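Participant: Below, each chain spelled out in residue letters.
Protein chains: 2
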Amino acid sequence: MVLDVIMLFGDSITQGGWSDGGFGARLANAYSRKFDVLNRGLAGYNTDWALPVLEQCLPTQHDQQHVPKIKILVVWFGANDACLKPSPQQVPLPKFTDNLKRIVHLVHSAESPYYSPSTKIILVTPPPVNTHQRLADLASRDPPLALDRNFEVTKEYAEAVTAVAVASNVAVVDVWTAIWKAAGEREEALPKYLSDGLHLLPDGYTIVYEALMKTIGTEHPELHYENLQCVFTPWAEVDWANPGPSVQKREAVISRN
Amino acid sequence: MVLDVIMLFGDSITQGGWSDGGFGARLANAYSRKFDVLNRGLAGYNTDWALPVLEQCLPTQHDQQHVPKIKILVVWFGANDACLKPSPQQVPLPKFTDNLKRIVHLVHSAESPYYSPSTKIILVTPPPVNTHQRLADLASRDPPLALDRNFEVTKEYAEAVTAVAVASNVAVVDVWTAIWKAAGEREEALPKYLSDGLHLLPDGYTIVYEALMKTIGTEHPELHYENLQCVFTPWAEVDWANPGPSVQKREAVISRN
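Chains W and R, in that order, are what the protein sequence lines are. Going by the UniProt record's numbering, the first residue of the first sequence is number 1, and it counts up by one from there. Going by the UniProt record's numbering, the first residue of the second sequence is number 1, and it counts up by one from there.
Please keep in mind that the hints were generated in silico from the structure rather than gathered at the bench. Treat each hint with caution, since some may be false.
[Claimed, not checked] Simulated crosslink set (DMTMM-like; lysine to aspartate or glutamate; CA at most 20 Å straight-line):
{"#": "1", "chain 1": "R", "residue 1": "214", "chain 2": "R", "residue 2": "203"}
{"#": "2", "chain 1": "R", "residue 1": "69", "chain 2": "W", "residue 2": "63"}
{"#": "3", "chain 1": "W", "residue 1": "95", "chain 2": "R", "residue 2": "239"}
{"#": "4", "chain 1": "W", "residue 1": "85", "chain 2": "R", "residue 2": "239"}
{"#": "5", "chain 1": "R", "residue 1": "155", "chain 2": "R", "residue 2": "196"}
{"#": "6", "chain 1": "W", "residue 1": "249", "chain 2": "R", "residue 2": "55"}
{"#": "7", "chain 1": "R", "residue 1": "85", "chain 2": "W", "residue 2": "239"}
{"#": "8", "chain 1": "R", "residue 1": "181", "chain 2": "R", "residue 2": "152"}
{"#": "9", "chain 1": "R", "residue 1": "249", "chain 2": "W", "residue 2": "63"}
{"#": "10", "chain 1": "W", "residue 1": "249", "chain 2": "R", "residue 2": "63"}
{"#": "11", "chain 1": "R", "residue 1": "95", "chain 2": "W", "residue 2": "239"}
{"#": "12", "chain 1": "R", "residue 1": "249", "chain 2": "W", "residue 2": "55"}
{"#": "13", "chain 1": "R", "residue 1": "249", "chain 2": "R", "residue 2": "239"}
Every value quoted in this text rests on a predicted model; they were computed, and no experiment measured them.
So here's chain W without its partners, still in its complex pose:
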């Protein structure tokens, strides 16, 4: 398939990232002809259920020679793990932390069958929940549903994501704080960014996109789209008399030797 990959692995907020104004579609556009951006969002999933999926999405060391390299793995969970009991989506905070560490270990531990030291992991914190907006949305359903998430609990899960990133020495995009600050730390300003108190509107995804690109630029600048070349050369550089050799694929990452 030729192009290496940025894999966006997460829940519905990742899956919805290809809707209008979504961060996934914007990433794919920015990285066109450089990396493919793959949607591995799983609506409703928590980290307990996502872990066995990830093992299927990562190539084993043996298979890595046959398939595109995962250059960046974005891991964005917590919005469902932070559900309130008795939701079956709820994962206790210590287990959530452990699951995130297991995800990092799957990729970065030399003992893992999926070991890929060149894959850069970026953890992302869940966005803040607007309890009022969420309650109104759930109450409007038929039958009405009870509140299943709240502001303070999701905040704790967001802090846990950052703690795992620090402990595991991987980058983090703190979407929780970025959106909370953009809202002036006022819950009543969150509806500019959240459609239903949980999922993101285009203005929310814009914050995610810009924060993610900034993090790539600072933590892994060699993988920022502005620092990559097209895998297939720009048309003005094609050898028009004998195009074949001039359009042979090349690494998007530019060698700095």
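Could you slot chain R onto chain W? The hints should help.
Facilitator: This is chain R only, laid out in the frame that chain W set:
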């Protein structure tokens, strides 16, 4: 990488399909958790230069076991091939026709190293050119450029795409006619769909998206996103007590046995 693929292979009008309102991003959103939609758009390329690229993007028969299957290959050229001389992008009409046939043969001929009879090919005609809009855009450049495309020539290339599709027994999406009819067959109405007389605005991409989904629905209904299942099961169907076995990947295409 788990998910099978829809590959969009074309020129800048394909490459730009992940911009806001673009047909690629919309396809990727519709097919999320079912097929990956890959951008293989190559701005400025004609079919002469694209052919050696395609040979690198298609897995050989030997490699097909290791990589995702290409379920649909959308081939959308003509906008550059139809350039006027002395543009180096120009490909004479008989050669353009021959190149399109070679693309189909690469995939559907049993003698080809890339033979993949299960890959459905959909050819797409280039959109109509608005000569006035294009001329104004080129005249505004520094230095000003002469007109490089015109309405009648691109129309001939569009007709050639349809002829190849009929002769090769593959589906065609006639974007040229769809946009021309939407514009009431009036060149002065084309700026609703074209940004610079050549590239598409969101209203143009909407026509492309809808025509493509309609063609998939009629020609290859088993591959329409509404008829596919998620490769990883919806969260409400996960076995919460023992998630692993319930989230094993499965074919997106539903077996009708």
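Participant: Would you mind confirming whether the straight-line C-alpha gap from residue 249 of chain R to residue 55 of chain W stays at or under 20 Å?
Facilitator: holds (11 Å)
Participant: Can you confirm whether the C-alpha distance between residue 155 of chain R and residue 196 of chain R stays at or below 20 Å?
Facilitator: This hinted pair holds, its Cα atoms lying about 17 Å apart.
Participant: If you draw a straight line from the CA of residue 85 of chain W to the CA of residue 239 of chain R, is it 20 Å or shorter?
Facilitator: With a Cα-Cα distance of about 17 Å, the restraint between residue 85 of chain W and residue 239 of chain R holds, given a limit of 20 Å.
Participant: Compare the distance between the alpha carbons of residue 181 of chain R and residue 152 of chain R with 20 Å, and conclude whether the hinted pair is satisfied.
Facilitator: Roughly 16 Å between the alpha carbons, so the hint for residue 181 of chain R and residue 152 of chain R holds.
Participant: For the pair supplied as a hint, residue 249 of chain R and residue 63 of chain W, is the alpha-carbon distance within the 20 Å limit?
Facilitator: holds (17 Å)
Participant: Holds or violated: are the alpha carbons of residue 69 of chain R and residue 63 of chain W at most 20 Å from each other?
Facilitator: Given pair residue 69 of chain R, residue 63 of chain W holds - Cα atoms ~16 Å apart, limit 20 Å.
Participant: Quick one, are residue 85 of chain R and residue 239 of chain W close enough, alpha carbons at most 20 Å?
Facilitator: Satisfied, since the Cα-Cα distance of roughly 17 Å is no more than 20 Å.
Participant: Is the Cα-Cα distance between residue 249 of chain R and residue 239 of chain R 20 Å or less?
Facilitator: holds (14 Å)
Participant: Would the pair residue 249 of chain W and residue 63 of chain R pass a check requiring their Cα atoms to be no farther apart than 20 Å?
Facilitator: Satisfied, since the Cα-Cα distance of roughly 17 Å is no more than 20 Å.
Participant: Given the hint that residue 214 of chain R pairs with residue 203 of chain R, does the C-alpha gap stay at or below 20 Å?
Facilitator: Roughly 17 Å separates the two Cα atoms, so the pair holds.
Participant: Does residue 239 of chain W lie within 20 Å of residue 95 of chain R when you go C-alpha to C-alpha?
Facilitator: holds (18 Å)
Participant: Does residue 239 of chain R lie within 20 Å of residue 95 of chain W when you go C-alpha to C-alpha?
Facilitator: Roughly 18 Å separates the two Cα atoms, so the pair holds.
Comparing the model with each numbered hint stated earlier shows that all of them hold.
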